[in-house]
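K.L.:
Sequence:
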Amino acid sequence: MKYLENVIKETLRLYSPVPIYGRETNQDVEYDGMIIPKGVRILIFAHGIHMNPEYYPDPEKFDPSRFENPEGRPPYAFIPFSAGARNCIGQKFAMLELKSLVSKMARNFEFFPASPQHQMELASETVLKSLNGVKIGLKLR
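In the numbering used here, the protein residues as written are 1 to 141.
Simulated from the structure, these hints should not be mistaken for lab results. Everything numeric in this text was worked out from a predicted model, so none of it was measured. Just so it is clear, CB atoms sit at the ideal spot from N, CA and C, and this is done for glycine as well. One should not assume that every hint holds.
Said to hold, decoys possible - FRET-style restraints, in silico, Cβ to Cβ:
#1 Arg-107 x Asp-32: 45 to 51 Å
#2 Ala-94 x Tyr-31: 27 to 33 Å
#3 Pro-70 x Lys-129: 27 to 33 Å
Just need the whole structure built from these sequences, with the hints factored in.
P.N.:
Shown next, in the form of structure tokens:
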């Protein structure tokens with residue numbers, strides 16, 4: 001199950017379900033030599049953090065082994081469910097559901113591209129979505 005969890009985390013890193021979070025500073029914050037005053041609304045670009053080569057070498061590559069030993073990686077370098085006081089209260093439940101669903105699907109089906117020419121077109125809106133669908137084939141094992 002640990003490898004499955006790493007696969008799910010790597011998928012969430014590459015395809016953040018909520019790519020941007022809005023927050024308001026509750027105190028003055030120094031960032032990169034600038035002072036961001038208390039009460040300023042900011043956007044946190046989770047996808048940008050997840051694709052930062054400082055935290056994830058070769059960030060475009062799908063590599064579940066990134067999550068085997070996350071020591072040394074800052075705690076806020078992986079935030080698919082946000083983080084801090086306003087993180088997703090359902091994140092543990094969502095991970096359990098994903099592990100359960102994916103393991104049952106993988107146990108019972110083979111997956112294959114329904115159309116080799118199909119390329120998903122992704123749109124970052126409130127949540128990440130495919131503009132032209134996700135086209136996969138399933139075959140009972």
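K.L.:
Hint by hint, note whether the structure agrees.
P.N.:
Tested hints:
| no. | hint | verdict |
| --- | --- | --- |
| 1 | Arg-107 x Asp-32: 45 to 51 Å | 48 Å, holds |
| 2 | Ala-94 x Tyr-31: 27 to 33 Å | 30 Å, holds |
| 3 | Pro-70 x Lys-129: 27 to 33 Å | 28 Å, holds |
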